[in-house]
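Chains as they are written, first to last, in the working numbering: chain A, 296 to 408; chain B, 115 to 224.
Fair warning: there could be bad hints in the mix.
List time: in silico DSSO-like cross-link candidates among lysine-lysine, alpha-carbon distance up to 27 Å [to be verified]:
| # | chain 1 | residue 1 | chain 2 | residue 2 |
| --- | --- | --- | --- | --- |
| 1 | A | 366 | A | 300 |
| 2 | A | 395 | B | 185 |
| 3 | B | 123 | A | 395 |
| 4 | A | 351 | A | 300 |
| 5 | A | 349 | A | 366 |
| 6 | A | 349 | A | 363 |
| 7 | B | 171 | B | 185 |
| 8 | A | 366 | A | 332 |
| 9 | A | 363 | A | 395 |
| 10 | A | 332 | B | 128 |
| 11 | A | 300 | B | 185 |
| 12 | A | 332 | A | 300 |
| 13 | B | 171 | A | 332 |
| 14 | B | 128 | A | 395 |
| 15 | A | 300 | A | 349 |
| 16 | A | 332 | A | 363 |
| 17 | A | 395 | A | 300 |
| 18 | A | 351 | A | 366 |
Facing chain A, according to a computed beta carbon distance under 8 Å, are these residues of chain B, among others [said to hold, decoys possible]:
| # | residue |
| --- | --- |
| 19 | 122 |
| 20 | 124 |
| 21 | 167 |
| 22 | 177 |
| 23 | 178 |
| 24 | 183 |
| 25 | 208 |
| 26 | 211 |
| 27 | 213 |
In case anyone wonders, no lab produced these hints; they're calculated from the structure. All C-beta atoms, glycine included, are put in the ideal place defined by N, C-alpha and C.
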Amino acid sequence: DQQVKQNSPSLSVQEGRISILNCDYTNSMFDYFLWYKKYPAEGPTFLISISSIKDKNEDGRFTVFLNKSAKHLSLHIVPSQPGDSAVYFCAASFSGNNRKLIWGLGTSLAVNP
Amino acid sequence: NAGVTQTPKFQVLKTGQSMTLQCAQDMNHNSMYWYRQDPGMGLRLIYYSASEGTTDKGEVPNGYNVSRLNKREFSLRLESAAPSQTSVYFCAIQGFYEQYFGPGTRLTVT
């Protein structure tokens, strides 16, 4: 049973436009959410996170929105750049699980010049 | 990936051979993890270690063993490799909320 779901396996956007990557979760115990970026032949790298007590966190071109009532979060990248082309993983954790991360399956983003 | 190193980067094994994947960290974190990544399957947890001397099974532990002999190192052993273990293996360490990953080991079992 997938507790963290990324329902879009892939996404293609034009350079300069907004990229929106979505993530849904089922476990109401999750209190921290993270986004990771992964390039081919490299390990995942932490991108941005949000606590469940917030509904928005922004870091430069990257913003994460959390809608707890809908159990939904999204990552916005504005403006998108070709170097953003990568696989993006959504992950969640809670203290009762020793902060182990529960992962989505990833969304492959292609930003076209 | 600074702070987490993995060796080797690539390995080809024949079915039935054994090998150990090494992971080391220089960030003095307690928890360490081994994942495998397969196309369309995301990151699946094999084993983890919450502290030196302790290990626990993750989602897909069958066919693997681990060893956490000290705080710095966490190794993953395949005793008798199978083609189903062809994958990319990542080691990670736990910060307060985030995990930090090594560069990975690409393993092919023929």
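Hints and how they fare:
The suggested pairing of residue 366 of chain A with residue 300 of chain A holds, with an alpha-carbon distance near 11 Å, which does not exceed 27 Å. For a cut-off of 27 Å, the pair hint linking residue 395 of chain A to residue 185 of chain B stands: about 18 Å separates their Cα positions. Pair hint residue 123 of chain B plus residue 395 of chain A holds up; C-alpha atoms about 25 Å apart against a cutoff of 27 Å. The suggested pairing of residue 351 of chain A with residue 300 of chain A holds, with an alpha-carbon distance near 20 Å, which does not exceed 27 Å.
Between residue 349 of chain A and residue 366 of chain A, the direct Cα distance comes to roughly 13 Å. Compliance with the 27 Å bound is thereby established for this hinted pair. This hinted pair checks out: residue 349 of chain A and residue 363 of chain A have alpha carbons roughly 9 Å apart, not beyond 27 Å. As the CA atoms of residue 171 of chain B and residue 185 of chain B are separated by approximately 18 Å, the hinted pair is consistent with the 27 Å bound. For the hint linking residue 366 of chain A to residue 332 of chain A, the alpha-carbon distance of about 21 Å falls within 27 Å, and the restraint holds.
Proposed proximity of residue 363 of chain A and residue 395 of chain A is supported: the alpha carbons are some 20 Å apart, at most 27 Å. Pair hint residue 332 of chain A plus residue 128 of chain B does not hold up; C-alpha atoms about 32 Å apart against a cutoff of 27 Å. Simply put, residue 300 of chain A and residue 185 of chain B have alpha-carbon atoms about 33 Å apart, too far for the 27 Å limit, and the pair is violated. Restraint check: the Cα-Cα separation between residue 332 of chain A and residue 300 of chain A comes to about 16 Å, which is no more than 27 Å; the hinted pair holds.
Distance restraint check for residue 171 of chain B and residue 332 of chain A: the Cα-Cα separation of roughly 26 Å lies within the 27 Å cut-off, and the hinted pair is therefore satisfied. As the CA atoms of residue 128 of chain B and residue 395 of chain A are separated by approximately 33 Å, the hinted pair breaks the 27 Å bound. Between residue 300 of chain A and residue 349 of chain A the CA atoms are separated by roughly 20 Å; this keeps the pair inside 27 Å, and the hint holds. At most 27 Å may separate the alpha-carbon atoms for a hinted pair to count; residue 332 of chain A and residue 363 of chain A meet this at roughly 23 Å.
Distance hint between residue 395 of chain A and residue 300 of chain A is fulfilled; the C-alpha atoms sit about 16 Å from each other, no more than 27 Å. Note on residue 351 of chain A and residue 366 of chain A: the hinted pairing holds, with a Cα-Cα distance of about 14 Å set against a maximum of 27 Å. Of the supplied interface hints, the one on residue 122 of chain B is violated, with its beta-carbon coming no nearer than about 14 Å to a beta-carbon of chain A, more than 8 Å. Of the supplied interface hints, the one on residue 124 of chain B is violated, with its beta-carbon coming no nearer than about 10 Å to a beta-carbon of chain A, more than 8 Å.
Evaluation of the residue 167 of chain B hint against chain A yields a violated restraint, the C-beta minimum of about 16 Å exceeding 8 Å. Against a cut-off of 8 Å between C-beta atoms, the interface hint on residue 177 of chain B is violated, since the closest Cβ of chain A lies about 20 Å away. Checking residue 178 of chain B against chain A: minimum C-beta separation of about 17 Å lies over 8 Å; hint violated. The beta carbon of residue 183 of chain B comes no nearer than 21 Å to any beta carbon in chain A, farther than 8 Å, and the hint placing it at the interface is violated.
Satisfaction of the interface hint for residue 208 of chain B is found here, the shortest Cβ-Cβ separation to chain A being roughly 6 Å, below the 8 Å cut-off. For residue 211 of chain B, the interface hint holds, since its Cβ comes within 8 Å of a Cβ in chain A; the closest pair sits about 5 Å apart. Checking residue 213 of chain B against chain A by beta carbon gives a least distance of about 6 Å; that is within 8 Å, so the hint holds.
The earlier numbered hints that this structure contradicts are 10, 11, 14, 19, 20, 21, 22, 23, 24.
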